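Engineer: Listed here are the chains, written in short residue letters.
There are 2 protein chains.
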Amino acid sequence: MIVNYTDLIQKIKKTTVLKPLSGTLSGHATGEPFDKHVYAEIKKQFPVNTFRQYEYLNDLYSKNPDVIGFDARQKLVDSPTVLFLLSRGKNATDKWSLENPFEEKQNDTADIIVVYNDFYELIDIKTRNISKSAQPPNIISAYKLAQLCARMIDNKEFDNFTVNYFEIDWVLVKDKLVCEDAHYACLFNANPVDLYINWAAAMQIQFHVCDLDQSFKGTREQWAKDYLSHFVNQAKKRADNMIEKFVKPFEKYIK
Amino acid sequence: MIVNYTDLIQKIKKTTVLKPLSGTLSGHATGEPFDKHVYAEIKKQFPVNTFRQYEYLNDLYSKNPDVIGFDARQKLVDSPTVLFLLSRGKNATDKWSLENPFEEKQNDTADIIVVYNDFYELIDIKTRNISKSAQPPNIISAYKLAQLCARMIDNKEFDNFTVNYFEIDWVLVKDKLVCEDAHYACLFNANPVDLYINWAAAMQIQFHVCDLDQSFKGTREQWAKDYLSHFVNQAKKRADNMIEKFVKPFEKYIK
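Sequences listed follow chains A and B, in order. Be aware that the first sequence starts at 18, since it is given in my numbering, and climbs by one per residue. Be aware that the second sequence starts at 18, since it is given in my numbering, and climbs by one per residue.
One copy or two, either will do: identical chains are not told apart, so a pair holds if it fits within one copy or between any two.
Subject to a maximum C-alpha distance of 16 Å in a straight line, what follows is the list of computed EDC-like cross-link-like pairs (lysine to aspartate or glutamate):
hint : residue 1 : residue 2
1    : K269      : D171
2    : K161      : D125
3    : K269      : E238
4    : K242      : D171
5    : K173      : D95
6    : K253      : E268
7    : K53       : E72
8    : K254      : E268
9    : K80       : D95
10   : K242      : E268
11   : K242      : E174
12   : K112      : D83
13   : K28       : E58
14   : K272      : D243
15   : K269      : D243
16   : K53       : E121
17   : K272      : E238
18   : K80       : E116
Derived from the structure by calculation, the hints contain no laboratory data. Bear in mind the structure is a predicted one, so any value in this text is a computation, not a measurement.
Build the full structure now, drawing on both the sequences and the hints.
Structural biologist: So, in structure tokens, the structure goes:
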């Protein structure tokens, strides 16, 4: 772990950002100024090592202007597992050029990447209006995480990256959003078998960062295997439930 | 069918509404002023018969102040099938009172209801920014529609209601949204076996109203049976696909 989150929480707590002019107060966009604020704070700690995900890819491809096309650009990062998390699709990567760089995309895996001594720390910021009770947010596709775990095992990559979440709890005070509290959690410190998969919501894993159990003590390899076992069990269960709920009750109407 | 849609399309085409002050131009909220506009036009045609869905329920419960609680209120509409589409949940219905009426809810089945001679015409408005290409919108939960079809068959209710969709195609011109075109389609005139179910997006049926085939010639009873057959087949297929895609590739990692 590169970033000092205890320090970061202290820096962010009680800070304010202006309320965005457009959008409702429940939407994703509301907390976005805080995301930029956290980025700025981490960049103070690690000026040359901190990137937005699209910045990292733009930076990497710009430094290697002779390497062209998806396949060649895939090899620029020496970690296939990290690359799976970071890279854009084949078509977008083929089309990348200095004149046509990537822009920020809402469904990128991470908001912030800190790269230090070949270690990749991915950080996703979750902002939360704590004056409303809300469902836990989408964290990552359960399927993408399963593919990631398979790659970790295939490539024996267990120690060169991590995935962290940072939650900012805010309230609206006049025309400002005030950060009341902040929380940090590491995905791989959570017990994988307790992760909730919302199959109907695009198979997203959902949790509030502040509620994420952090008691997993096994190795990263064990985590990957435990998660895959959980994912497979949940997928089987979901498939069975679909037959029970969506097939059986309606069969009597069909000749 | 009560409403004259050909007439309505003529009335709505080329009309303008002010661009909403907040929100992005892709969001659901952008076209909302058009929804109110269509409602006003239909209300001109049928002043005492046109309701917003929540208005209809508030009106019905207000006229029957002695009928209290979910079960009793369920019996106020003589059509159990229509009631399934219109009513709110048990808890919300139990709590309803003159002092605590329903407010508009985004996931209500219909935007507008026209009731005439015990026939219920449900109308859902879909607004579309035609300067952007976009995925077809969510229409209705495929599961809810399956439950509806089962009720239609159970209660032999085939001729006392319909479900229509009205699409408004708009473009932004300066600070105004201009309706370039409008389209109408009846759900039950579409061939049910062609309806696309997006299982990952909360099992929503998705289509653009202007693209909806309207060639179904069978009875409403046949429609309900054909849809149920389609829904059951698609649910089985989705369950099988889940095993193929989410279980089998990962089994080798699990001891």
